[in-house]
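Let the hints inform the model, and build the full structure from the sequences given.
Protein chains: 4
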Amino acid sequence: MLEIQRLSVAEAAILLEGARLKATELAIPMCTAVTDESGHLITFERMDGGKISSISIAIDKAFTGAVARKGTHVYNQLCVPGKGTFGIHVTNGGHFSIIGGGLPVTVNGAIVGGVGVSSGTADEDLIVAEAAVAWFRERTGFAE
Amino acid sequence: MLEIQRLSVAEAAILLEGARLKATELAIPMCTAVTDESGHLITFERMDGGKISSISIAIDKAFTGAVARKGTHVYNQLCVPGKGTFGIHVTNGGHFSIIGGGLPVTVNGAIVGGVGVSSGTADEDLIVAEAAVAWFRERTGFAE
Amino acid sequence: MLEIQRLSVAEAAILLEGARLKATELAIPMCTAVTDESGHLITFERMDGGKISSISIAIDKAFTGAVARKGTHVYNQLCVPGKGTFGIHVTNGGHFSIIGGGLPVTVNGAIVGGVGVSSGTADEDLIVAEAAVAWFRERTGFAE
Amino acid sequence: MLEIQRLSVAEAAILLEGARLKATELAIPMCTAVTDESGHLITFERMDGGKISSISIAIDKAFTGAVARKGTHVYNQLCVPGKGTFGIHVTNGGHFSIIGGGLPVTVNGAIVGGVGVSSGTADEDLIVAEAAVAWFRERTGFAE
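Protein sequence lines correspond, in order, to chains A, B, C and D. FYI, the numbering for the first sequence is 151 to 294, going by my numbering. FYI, the numbering for the second sequence is 151 to 294, going by my numbering. FYI, the numbering for the third sequence is 151 to 294, going by my numbering. FYI, the numbering for the fourth sequence is 151 to 294, going by my numbering.
Worth flagging that the hints you see were computed from the coordinates, not collected in a lab. Mixed in with the good hints there might be a few duds.
As the list claims (entries may be wrong) - Calculated cross-link-like contacts (lysine to aspartate or glutamate; reagent style EDC-like; alpha-carbon spacing at most 20 Å):
#1 A/K220 with A/E175
#2 A/K220 with B/D273
#3 C/K201 with D/E153
#4 B/K201 with B/D273
#5 A/K220 with A/E274
#6 A/K220 with B/E153
#7 C/K201 with C/E274
#8 D/K201 with D/D273
#9 B/K201 with A/E153
#10 A/K220 with B/D198
#11 D/K220 with D/E280
#12 D/K220 with C/D273
#13 D/K220 with C/D198
#14 A/K201 with A/D273
Structure (structure tokens):
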């Protein structure tokens, strides 16, 4: 039997809070999704003004961060025509995101969930996702 | 009437075993899929630690190897913007894989199935797929 | 942090073996899928003669057993026009199965995975799925 | 290694011809599809006046006849709310047809392909599909 650690909804809410704080600071209303370690949605929030097209993108980013185990911005740089990973953006029924702003959430080296942010540029989305994870560490005290 | 040769489930299990042995040697837990010559799944295994996003990718790689009759890494190099094959990665309902790690399995010049491996880099996946086919040849004695 | 128990690939293989033994006894070549507790595929096998249309049905049954937490035959009787659950068979992108032969796999009261069997009648599929779970209990000693 | 028998394109054309002859006799322009034993399309024809919505239905009927190994009209009667097989009509990505007019094509007891007819009523479609198979037997001499 495998023993898996998984974000609780209370912990997922902390990630959402961290994203909201940073998005507010940047004045960019964001869509933020948090999934468990298997890529299934735990919590989601579209701030007033967040893009409708970003709802599914944020969810796909969190999914990808959790199950593919790398930031979506990393896959963005691997998924370039002529490189071996090109094509991964159309897998998993189109749910594999290669746009920055999706991150795995780790605790003591194990992935326990994923966070995905969308509505800004890919760089802005990534900044907010990183802030969400930093807030999660600060509030919970969990090590990477 | 056409006469077709097709992997049995026992032969598919040998391919799976070959992939498992190589993946264990490389210490990369893999998803491995084996399809018949028509691209339909015969057997699949996600090793402990294999990526969830690699489940469908491995299946798609095996499908593509069997039915498009080339290694998926070959299509990766053909499917580049400006080349004539660009766009093939979004065909077949998104199931045409152009990421290395999918191979046709041939016996006496005829394709009898496909094998697909995913969870490492495209190069690692291809190494494991090749090892699966080599193990299949060694254990069955079938010629290419 | 939630603590989750999940089938290992070795334990999933025991479920597959149990299905294979019963299917062989009944002389019905089956498709059998085993998923983890989140519904993601761990292992799959189509016996020689198993139906091609049953590949995805077996996977969907295992998914449903694991994540909807009831046997798919239970949903079959709930999903009847005029009853409140009617319509659930078209949810989850069409992957929610209401055909008997999908079961949750529990250990000490917690769902650790799902098993799905297809190629016979719904009743035959359920018999084989139950045999798979019984074999799993016998070989592992895990309580329900 | 499994030895499979599969319709050649010449034999598939005979099935199409049989359907065309009967459809002409009935004065119902039909869509007719012929697949191989794995459910993959070999040949298709929409007669002048055949319904556009019947293109995919005919293909799905032929697929189902071949891979689920029963006439689609048989599944129609099994797939009734409260019966164990209810729900099968939404499986296989919606490609499992339960509307009469799809039949397996057998030779010496083995399924070698499928034929699907659509544009009339389910009963008319089945009559034409049966005529296609009868024509195939008459012209080829193959036993059931």
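For each hint, the structure was consulted:
no.: 1; hint: A/K220 with A/E175; in the structure: violated (26 Å)
no.: 2; hint: A/K220 with B/D273; in the structure: holds (18 Å)
no.: 3; hint: C/K201 with D/E153; in the structure: holds (16 Å)
no.: 4; hint: B/K201 with B/D273; in the structure: holds (16 Å)
no.: 5; hint: A/K220 with A/E274; in the structure: holds (18 Å)
no.: 6; hint: A/K220 with B/E153; in the structure: violated (46 Å)
no.: 7; hint: C/K201 with C/E274; in the structure: holds (14 Å)
no.: 8; hint: D/K201 with D/D273; in the structure: holds (16 Å)
no.: 9; hint: B/K201 with A/E153; in the structure: holds (16 Å)
no.: 10; hint: A/K220 with B/D198; in the structure: holds (18 Å)
no.: 11; hint: D/K220 with D/E280; in the structure: holds (13 Å)
no.: 12; hint: D/K220 with C/D273; in the structure: holds (18 Å)
no.: 13; hint: D/K220 with C/D198; in the structure: holds (18 Å)
no.: 14; hint: A/K201 with A/D273; in the structure: holds (16 Å)
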